[in-house]
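In case you want the letters, here they are:
Number of protein chains: 2
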Amino acid sequence: MPVNADLQRERDSCPFDTEALTLFLDGSTQRIARRREISAMVESDPVFSNADNIFKTRPERFASALRKARRYEELRQRLRPSRDEDLLLSAAINETLPTLLHYLMFMPNIRALCTDAQQAAWLPRCESLEVIGCYAQTELGHGSNIRALETTATFLPDTDEFEIHSPTLTATKWWPGTLGRTANHAMVIAQLVIGDRRYGIHNFIVPLRDVKAHAPLRGVRAGDIGPKIGFTTMDNGYCVFDRVRVPRANMAARYASVDRHGVYTKKGGDSKISYITMMQVRAYIVEQAGYCLAKATTIAVRYSALRRQGFAPQAGGGSSSGSSGGGGSGELQVLDYTVQMHRLLPLVATAYAFHSAGRAMQQRLARLEAMLDTPGVGAALAEFHASSSGLKSLCSAVTADGIEDCRKCCGGHGYLAASGLPELLGTYLQNCTVEGENHMLTQQTVKHLLKAMAAGGGGGEDCGHLSRWRPDERCCAATQEAMATMPVLMAAFEHRAARLVAGVGALMRARMAADAARDAAWNGALVEMVRASRAHAFLLVLRMFAADAEAASAAMAPPARAALQRMVSLFALYWMERDMGDFTEDSYLSLEQATWVRGAVVAALHALRPAAVGLVDAWDFTDHQLGDSALGRRDGNVYAALMSSALKSSLNARDPVAGYEESLRPLITSRL
Amino acid sequence: MPVNADLQRERDSCPFDTEALTLFLDGSTQRIARRREISAMVESDPVFSNADNIFKTRPERFASALRKARRYEELRQRLRPSRDEDLLLSAAINETLPTLLHYLMFMPNIRALCTDAQQAAWLPRCESLEVIGCYAQTELGHGSNIRALETTATFLPDTDEFEIHSPTLTATKWWPGTLGRTANHAMVIAQLVIGDRRYGIHNFIVPLRDVKAHAPLRGVRAGDIGPKIGFTTMDNGYCVFDRVRVPRANMAARYASVDRHGVYTKKGGDSKISYITMMQVRAYIVEQAGYCLAKATTIAVRYSALRRQGFAPQAGGGSSSGSSGGGGSGELQVLDYTVQMHRLLPLVATAYAFHSAGRAMQQRLARLEAMLDTPGVGAALAEFHASSSGLKSLCSAVTADGIEDCRKCCGGHGYLAASGLPELLGTYLQNCTVEGENHMLTQQTVKHLLKAMAAGGGGGEDCGHLSRWRPDERCCAATQEAMATMPVLMAAFEHRAARLVAGVGALMRARMAADAARDAAWNGALVEMVRASRAHAFLLVLRMFAADAEAASAAMAPPARAALQRMVSLFALYWMERDMGDFTEDSYLSLEQATWVRGAVVAALHALRPAAVGLVDAWDFTDHQLGDSALGRRDGNVYAALMSSALKSSLNARDPVAGYEESLRPLITSRL
Ligand SMILES: Cc1cc2nc3c(=O)[nH]c(=O)nc-3n(C[C@H](O)[C@H](O)[C@H](O)COP(=O)(O)OP(=O)(O)OC[C@H]3O[C@@H](n4cnc5c(N)ncnc54)[C@H](O)[C@@H]3O)c2cc1C
Ligand SMILES: Cc1cc2nc3c(=O)[nH]c(=O)nc-3n(C[C@H](O)[C@H](O)[C@H](O)COP(=O)(O)OP(=O)(O)OC[C@H]3O[C@@H](n4cnc5c(N)ncnc54)[C@H](O)[C@@H]3O)c2cc1C
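If you read the sequences in order, they're chains A and B.
So the first sequence is residues 0 to 671, counted in numbering that gives the first Met the number 0.
So the second sequence is residues 0 to 671, counted in numbering that gives the first Met the number 0.
No lab work stands behind these hints, which were simulated from the structure alone.
Mixed in with the good hints there might be a few duds.
For identical chains, the list gives no copy identity; a pair is met inside one copy or between any two copies.
Claimed, not checked - Below are the DSSO-like pairs computed for lysine-lysine, each with C-alpha atoms no more than 30 Å apart in a straight line:
#1 Lys55 to Lys266
#2 Lys450 to Lys647
#3 Lys211 to Lys450
#4 Lys211 to Lys647
#5 Lys265 to Lys450
#6 Lys266 to Lys450
#7 Lys266 to Lys647
#8 Lys450 to Lys271
#9 Lys407 to Lys647
Okay, chain A solo, but in the shape it has when bound (with noise of 0.2 Å):
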């Protein structure tokens, strides 16, 4: 079928060539070369077909996604990916293994925590996948406080043994990925104990089923916790321990460790490994943010393209009854209203932003990685984690949110499993919820501002405009234009970040001066640490969109530069909109300036609007990495998807409808 005429025309008439943004995205052309090769491979097999998984029951898919499984495995084993193609493989294959969590926590666990003779004996069964793990920390009762993870691993001195009990309901444990069905080892995270004394939690591994038959362990009872909103195909798991009994060597004992004695060592040096795996699962977080935030905004913005509804926007505006009518020539393309443009287009700013900053982050971990041993690295960790945490709960945040707008944005049609948007939606919204909850995880990042504004400023790179804020400075930007300009937006967003800073010490000062307790005026200022470190984190991610969009300008043909430019400004013009209160609450911003904010916003959105097709378009998704989102299709022929898919429909197997005989046809012949 020959594209949709007008996405073809806005493809036609986009001012810069998409490539060219591509490449700022992927940052080479191997890369870009790259991923192409593996995306067409996964996609020319037949198994790893997503086609038909919106009508498919929960059963089915999980076997469809082992069997993807399966063959990812043997694509490993074949091409021996380094870590960015194993990424790209796993884009390109866009649907989650049962078997993720092993790769992605099971296995770098045992890296990171046992010691060699630990990791000799196991990864080379975990490489075979003959041992399948899972990461099991969360318990029915506990997840965000792991010091009251109820689990025990009592040292038994008769047998050399550790025995891993459930003592509770409670102590159950409760969503770990791949332990449902697919696991047949953990790692668990339980209390040790020995003689009568507790050591805190440390982390065991524990076979759950027999290699051979899958068949579960003695005193093991495991399965799957159920449906959720999204994530279908991952067995998240439950698993309850009655005196399951493991060598003491399966204790992971690189940091601490029990002796045939029961004498319990601590080793110094976890706390910084412990940190980086941490950090390098937020930064991850931050750029699957941009990318999960792209694939949506690619979906409603080629759908919005081609959309016609309404004929031109009169005083009285949207739908009416009238006498006119027929087809959907006349009409406008739904993009072109302002408020369209205005849902969708600082998205899909966004979604680049936090690629960029998702990058960064990468970069700064592999410096951080290379200067481990170096005596400043403290400092230089605890400013790190304390920008990650605010990064993950902030682009978690504004991505669950931007998918469901931009579902929203398509109308009626969005609100379909064939739009792909609903499942996409789902899978994401866990990423506000683990590692660490977004609203928890703030305290965190503030905790270490209070450190560096305490300390003048002094907490290193991104701290800098502590020590610079002073609460009367104002912007100084004397027109629309010059309000749009980096140095401006760059400083308020600096200003807002101190000055709410300044204002949860403010605060706690105030409290703890009224006599509350630290530990009440701690909690007391909870809802503005939140405020403080969402601007602390968007203030990270302006510097770093700006910076990399600026460091890739000068190879960049003027009009893609233009673009790339027009995009960094209106993310921060439109979230500087979105919380316009912390910029004109203390009149750093007059009634004049920001008015000249919201009237930049709409300027900049206008100039974006012939690049916008482009603009997503950049990303290079395949149909099949968009969920074969009938609504996002590269080619716009969205209409003959939507039917197709309808005649798929589950209730359209039988005729009439299974339930006819029992229930419509007596209460259509009044036979109730």
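Given chain A, put chain B with the ligands in place with the hints provided.
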């Protein structure tokens, strides 16, 4: 099982009798009693059980919903419920019945648009359910702009019939509920064509399936459109008409008709009626918003009151690995974190506020209906139309976000279908799109407000503030306590609402002065219209909530009255804080006053905290009405409920799981 101890303690120490607030919500003790009777009757009938909904495939759920639809009709015929009792019955059933649109749209449409003779011919068949109808307006290509619908109804003078036809793919009827598998008739909205003239859209009753065997009639191709983000039991459908003939008498002819010779006659008066119908639906959406948000807050508040996570908050907060631990007893209820209160209690208040707004709208509608034939009614209708549009948009948007926020407040467990929140959310989300997409709808509100402002605020009871407004007004509060009083809050909401309408007007004048056409100026102001409409709607809700609470106060014991009034004030303060820029950018609030607003929010949260469980208990939801949520159970036994739900997961049906032999064994045994 005994009630969870934390929940029991919350109830024992609730400062007021929850029944007092139940009375406020229901309006009379008789209504409370009748509601409980109906709900007990429904819940004693196993057909209405929803207990295993989350484990069913879509065809299974659909068949079970059809069974409920049959039983519902039996009950209706037996009980002959009043309108209110019918609402109570539907609420008690708490499942979308596939026949819904028959009752909700098809029959009301016949009553509104058909002649008495047509009603006499059709309504008895509708009452007996021999005819089950749907409302088929939206097409694949058009929803919002119904003037552009493509389906044609061409008069055939030879046979005195209309020929209903879908000339293009995009003319396919698409979305109508009940159409897919259940209905045997449709009210089809189509372009009337007589000879070579088009007369705009009109309504036609079109048989779809034969009344005996439910087989599609000749020329009709219809089915379900597939899975959605929610609304699983509804067969939203598609329908293609291939020159289907219906008698001329099937055109709804109360306000327009075609005679035997093809002469078209329009009779006046329909606009008021169609206004009324639309406004009824919107008032209903406002009330339902309160009801659905109340469900979500009930689940999240109860769970947050018994979820214990985290030792007393310390500087450093959040989780961190450490050495002590085990068990949940020394831990905080998560509802004691100020940030958790801040996420939940304002939503609790908002649910009450929307309930009051919905009730006030219904009462106004009743008054309007009584004065339909008086001269002043036009202006009153126009104002009510504007207000109901703005309210529908605001309340559905806030509720959709609010349900999701409640879900996130439940941490990991909120991600499970067993929490009840994913289905509540998914099914609710449609309200942002149907009956006028929320962003689009705001244009209708603002159009009226602009007129009212131009006329010096003479727009009637909702617009008085427009004439009182002065740009240089300032908030007069001199202390944090004063900030939280009703006159101060009301003045602030009025000022903001008026200022933003004035802002839209100024923006449009500026654009037109700069030579933009009116259309372009209108389009350029759409973003500000969304803001102005939101501000207006918040003002209306605040007024209605305050008035409702005030009116009920006299009969209430002081502690209940205090809680209710605190909710009114928290509602205002919180949404002021959320939109702080609207109040500070013109210096209406000073920095100090803005800080008081934030302080007053936190103070109100802590003041309401002891009442939190009581405030949600007062809604008096049964567990069945909460979607059998494992987290929201009245008895608080959430962990046992989660565990027993997990055991029913479809992935646990086989051991090893389906897919093991094909995919998992080869993986584990390295036989790829
Ligand atoms: C899809 C998914 C996959 C998962 N995969 C795994 C896995 O593989 N392995 C594993 O071990 N776990 C896994 N988890 C569990 C996950 O790590 C936890 O759900 C997460 O840490 C949140 O903890 P919680 O559920 O106990 O939430 P809770 O802490 O109970 O949160 C409830 C509420 O309390 C608030 N709260 C709690 N503490 C504080 C505080 N100190 N200050 C302020 N507010 C607070 C939270 O903000 C939240 O609003 C998974 C969860 C999900 C949803
Ligand atoms: C669950 C569900 C049940 C439904 N049930 C029925 C039913 O029983 N019968 C029936 O006939 N229909 C039904 N519908 C259809 C529903 O009425 C439409 O989906 C709705 O009116 C929105 O129209 P649309 O889908 O064409 O959205 P679109 O108008 O295409 O919306 C796409 C985007 O364009 C924007 N937009 C469109 N016009 C304007 C404008 N003038 N100004 C600014 N922005 C604009 C929208 O805001 C939106 O962001 C149902 C839909 C759903 C989801």
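Structure-based check of all given hints:
1. Lys55 to Lys266: Neither way: Lys55 and Lys266 sit 50 Å apart in one copy and 51 Å across, limit 30 Å.
2. Lys450 to Lys647: neither (59 Å within a copy, 50 Å between copies)
3. Lys211 to Lys450: The answer is neither: 54 Å in one copy and 78 Å across copies each exceed 30 Å.
4. Lys211 to Lys647: between (39 Å within a copy, 26 Å between copies)
5. Lys265 to Lys450: Close inside one copy (29 Å), not across copies (75 Å); limit 30 Å.
6. Lys266 to Lys450: Classified as within; 28 Å inside a copy, 75 Å across copies.
7. Lys266 to Lys647: Cα proximity of Lys266 and Lys647: none, with 60 Å in one copy and 44 Å across.
8. Lys450 to Lys271: within (20 Å within a copy, 64 Å between copies)
9. Lys407 to Lys647: within (24 Å within a copy, 33 Å between copies)
Violated hints for the displayed structure, listed by number in ascending order: 1, 2, 3, 7.
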